[in-house]
Each structure stands twice: as C-alpha cells, then as structure tokens.
Amino acid sequence: MILTREEEQMLNGAFGPGVAKAMDMIVKWGEVYDAEKLVEVTSTHTLLGEPVEWLRDISEGAKVRTLSTLHVVNFDYGRWEKQGIQQSEAERQMEYTRQCMTHYESLGLIKGFSCGPYLIGNVPRQGDYVNWSGSSGVLLANSLFGARCPRVGASGSLASAITGRAPLVPELVTANRRGQILVEADGFDLNSLSKEDIGIFGWYVGGVAGEKICVFSGFDRRLSLEEVKFLASPLGVSGSAIMFHIVGLTPEAPTLQAAFQNQKPESTIRVGRSEMGMAWASLNTAGASEPDLVTLGCPHLSITELREVARHLEGRRILDSKRLWVSCGFEMYNLAQRMGYIEVIERAGGTVLTGCCAGPLTPWDKLLDPVAVVATNSTRAAGYINMVSAGKVKVRYGSVEACVNSVVTGRWEGRERWAS
Amino acid sequence: MILSGHKVLGGRVEGEALVVDEPFSFFGGVIPETGILTSGPCAGQTIRDKIFVFPRGKGSTLAPYVAYRGLSTGAGPRAMLCREVDGVVAMVSIIMGIPTVDRLTPDPILTIRSGDYLKVDAENGCVEIVAKG
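Order-wise, the sequence lines are chains B and H. All residue numbers for the first sequence refer to the numbering used here, where the first residue is 1 and numbers rise by one. All residue numbers for the second sequence refer to the numbering used here, where the first residue is 1 and numbers rise by one.
Please note that the accuracy of each hint is not assured.
Sample of chain B residues at the chain H side, in silico, Cβ under 8 Å [said to hold, decoys possible]:
# : residue
1 : M25
2 : K28
3 : W29
4 : A154
5 : V169
None of these hints come from the bench; they were simulated from the model. Don't be surprised by glycine CBs; every beta carbon is placed ideally from N, CA and C.
Model the full assembly from the supplied sequences, consistent with the hints where possible.
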C-alpha cells in the first residue's frame with residue numbers, strides 16, 4: 001500500500017500515540033482488501049460503546065481531522081425518570097458515558113447524539129469520502145447524498161475521524177457501486193405507497209437482497225427526505241446493504257442504465273401484494289393486542305415529521321394507561337419548540353426524548369413499568385425490537401395516525417392495507 | 001491436509017476447530033465475556049481458545065466493541081477462518097489482534113469439522129488440518 005509522507009509519519013508516531021494506533025488500524029484494514037492507497041475522509045459519525053481503556057489509548061494526544069458527530073445513547077439522560085428507566089441501569093450507563101466523555105471532548109468529537117447526522121449539519125457532498133457508523137446513516141450517505149462510505153466495524157469510523165483517512169476499499173471504487181438487483185413492484189403502483197408502506201417495501205427487499213446493491217425504479221415523483229429514509233433504514237436491518245440506487249434521485253443513478261453502469265442486472269426482485277403482506281405480517285408480532293406504548297423517531301424525526309405528530313395530537317389527550325415517545329435530536333427539538341410542536345405533544349401527554357435511541361437500543365428489559373406491546377411507524381424499530389427483545393416485546397406497525405390514535409382512544413384502528 | 005487462502009491479520013496459532021455454518025455476529029451471537037454462543041446449531045458451545053470457523057459476518061457495526069470485552073477474560077478465539085470477511089469482522093480481528101484468514105480453498109466450512117486440530121499460519125494464509133476430531 002502506498003502511504004504519503006504524512007501518513008507514514010502518522011503511523012510512526014510523529015503525531016502522537018493515539019494517531020499511530022488509529023493509523024495502524026486503518027493500514028491493517030486496507031491490507032485486508034489489498035487497498036492501493038488511503039483516501040482523505042471529510043466526515044465521520046461514530047458509535048458510543050467503546051471499551052474505555054481502548055478509547056483512552058486511541059485518544060492520547062489526538063484531535064479529530066474530520067467533521068465528526070457522535071451517535072445516540074440508549075435512553076434520554078435528561079429524562080430517564082420520565083422515560084421510566086430503572087435507576088440502577090440509568091446510573092450504570094451514565095457513569096460509563098461520563099468516562100468516555102472526557103476522551104470525546106479531548107478528541108473534539110461533536111456531541112450531536114443523533115442517528116441522523118444529516119439533520120444536524122453533517123451533510124456530505126457528492127463524491128466525498130466519509131466513514132459513518134450506524135447502518136441507516138451509511139445507506140443515506142451513499143444513496144441520497146452520493147458520498148462514498150464503506151462498511152466497517154465502529155472502531156474503523158473512529159480511526160478515520162482521528163487520521164482523516166480510510167483505505168480505498170472495494171466499496172469506495174466506482175465499478176463496485178454498480179446496481180446488482182432490479183427491484184420492481186408487481187400488482188400495485190409504487191406511487192400509491194404511503195411512507196410507512198415504503199418502509200414495508202424496504203423491509204421485504206432487504207431480507208431478499210442481503211448485502212447486494214438494489215436499484216429502485218418506478219417512483220414517478222422525487223421522494224422526500226422522509227420517504228427515502230423509510231425506504232433506506234430497514235435495508236440495513238433485514239439485510240446488510242450499504243447502498244442502493246433510486247433512479248433519478250441517487251447522484252450515481254441519473255438513469256436506469258447509469259445505475260447498472262450499462263450492464264444487465266444480476267437478478268430481479270418482484271414485490272407483489274403477497275410479498276408486502278408477508279413483510280407486514282413478519283413485523284406485526286402482536287396480533288390484535290392493543291399497544292401499551294408508541295415510539296416514533298427511528299431514525300430521528302425531521303421537523304416535518306415532528307409537525308405531523310403534533311397535528312395528530314392537537315387538542316387531544318393520551319390515556320393515562322398509555323405512553324407515547326417521540327424521539328429526535330437536540331436541534332430538531334429546539335426548532336420544534338419554536339414552532340410550538342413540543343408544547344402540543346407534551347400537553348397531550350407525550351414524552352419528547354432527545355439525543356437517544358427510542359427503539360432498537362432502548363433497554364426494554366430495564367423499564368420500571370414493563371411494556372408488552374409497542375407500536376411504531378418505523379420498520380427499522382419494529383424489526384429491531386422484535387429481534388433484540390427475543391419476542392418479549394411484541395410489535396404493531398402502522399402510520400403515525402394509527403399509532404397516535406391507539407394511545408388516545410385505546411384502540412388500534414390502522415388501515416391494514418397489506419393484511420391478508 | 002492443507003487449505004490455502006488470504007491473510008486478514010497475521011499470526012501463528014494452533015488449536016481445536018469450532019465450525020458454525022451460518023453468518024455470525026459478535027453483537028448478539030455470543031456472550032463476549034464467556035465466549036459462549038447464544039444461537040444456532042452450536043448454541044451453548046464456547047469459542048474460547050478455539051479456531052473459530054464461520055462463513056461470513058453479519059449485523060451491527062458495534063461488533064468490535066462488544067467482542068473486545070472478551071479480551072480481558074481471555075474468552076476470544078485463537079484464530080478466525082471465514083469464506084470472506086466483511087469490514088466488521090475485519091475490525092474485530094484487528095481490535096482483538098486475532099489471526100484471521102479468508103478466501104480459503106478448499107472451502108473451510110465444508111472441509112473442517114468441529115473438533116479437528118488445526119495449525120494456522122495466518123501470515124501466509126495457510127491452514128493445516130493436523131488431526132481429524
């Protein structure tokens with residue numbers, strides 16, 4: 001592998017022990033794929049959960065060289081009592097994070113605490129090399145923003161933050177970013193799908209496509225940020241893809257031919273009503289049981305989504321026996337507060353959580369008041385909750401309206417378009 | 001019998017094989033402090049001090065941080081052999097310093113059985129089945 005003079009110096013310790021340790025990881029990672037050189041990385045997004053002594057060593061004498069945002073924590077550190085987290089679990093987690101925080105601060109990591117770095121100013125440009133962890137962000141970085149982001153363990157993203165480098169691994173090279181699978185709707189119009197229906201569609205496709213690069217054609221309109229998020233975010237849960245193409249929207253896919261780089265698709269996935277029904281059923285593990293708790297905000301809500309939630313709660317009241325979590329980053333919270341949405345949600349009895357995950361990483365087994373059934377409009381959250389709770393927490397999946405109504409009226413009245 | 005492949009991370013070790021015939025994640029697939037597998041046909045068995053053979057990685061990118069917990073208790077495998085490592089398994093190997101080889105021929109999943117005694121020369125991408133288990 002060819003290293004520049006500066007990269008050699010980083011490796012040899014001229015920039016301090018932390019940089020040397022990080023560069024050693026970058027070089028070893030590159031050697032796995034026989035990478036010819038390193039590339040400059042402009043943006044990183046890193047997960048919490050580092051072993052403290054490892055974090056201490058890699059931080060020693062180091063400052064980040066990229067725009068580097070931090071991912072979410074497991075529950076709201078400012079509202080854990082209101083969220084109903086057991087005190088011992090809350091204190092254990094917060095103490096661990098306090099130990100890490102010293103190192104985050106000395107490195108200069110941005111305390112974003114959001115799973116949507118693109119909502120808090122970490123917005124890559126087309127062609128940028130970035131190294132994000134968190135599969136939904138990675139998918140959007142590659143497929144919506146046209147940046148080039150690898151699949152790597154979380155330690156690799158922090159090493160890129162510290163060195164400003166990543167090896168030129170295969171997934172960063174144009175020829176390997178070619179679409180592999182053509183995805184088509186069969187028997188329904190893609191343009192008739194709500195964003196939650198798009199989530200079901202993405203959940204099904206991810207399960208079949210695995211790590212392959214899918215090409216979605218057939219959307220006549222330009223999808224909104226929220227719709228792309230709903231399509232993308234399940235692909236890294238039911239599958240393990242790091243990118244996909246939406247023809248006409250993904251920068252690398254202005255046309256169908258461009259998406260496949262003028263080659264033929266390896267295969268085609270046809271999604272019919274029965275496939276949508278199967279995917280819907282696999283997410284809805286609660287049967288006809290009424291939800292105890294609704295969680296909205298996986299990935300973190302945009303201001304548009306916060307407005308949607310507030311509109312459904314205007315002048316209404318959540319039943320005392322029910323709970324509503326609405327999850328976003330600190331910046332969207334401030335914006336929503338200025339817009340009056342937070343007041344509407346809280347007056348109705350909802351809890352707005354900031355800086356944390358409300359779904360996949362929630363310590364469901366450490367709640368003071370256990371939850372049997374969760375409702376959500378996110379297939380990513382639904383899939384993860386089913387998985388990590390090992391069936392102890394059941395899920396209902398539906399629109400924001402269905403979710404909100406269920407905690408206001410106590411009855412689930414979703415429009416089950418895909419139920420058989 | 002000798003299998004030859006591609007170095008992920010160098011090192012020479014020997015030990016008994018444990019073969020899992022499905023994609024694996026250190027996040028959820030194992031109790032890192034003990035090395036005990038949580039699911040699949042080998043659930044209940046430990047990867048501690050084994051040459052751990054599995055086809056490929058899957059799932060969360062948190063895996064390296066979770067796997068690292070096995071370092072202090074010595075519950076990690078001595079080496080890993082895969083059909084093909086992804087960037088997550090590669091980072092597990094790097095952060096823990098576990099010799100790892102991939103792209104082996106013949107196919108390690110079909111050739112190696114749990115209990116076989118292996119010599120691994122990861123630097124040269126070389127695996128020898130010394131004794132059948």
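Hints breached by this structure: none
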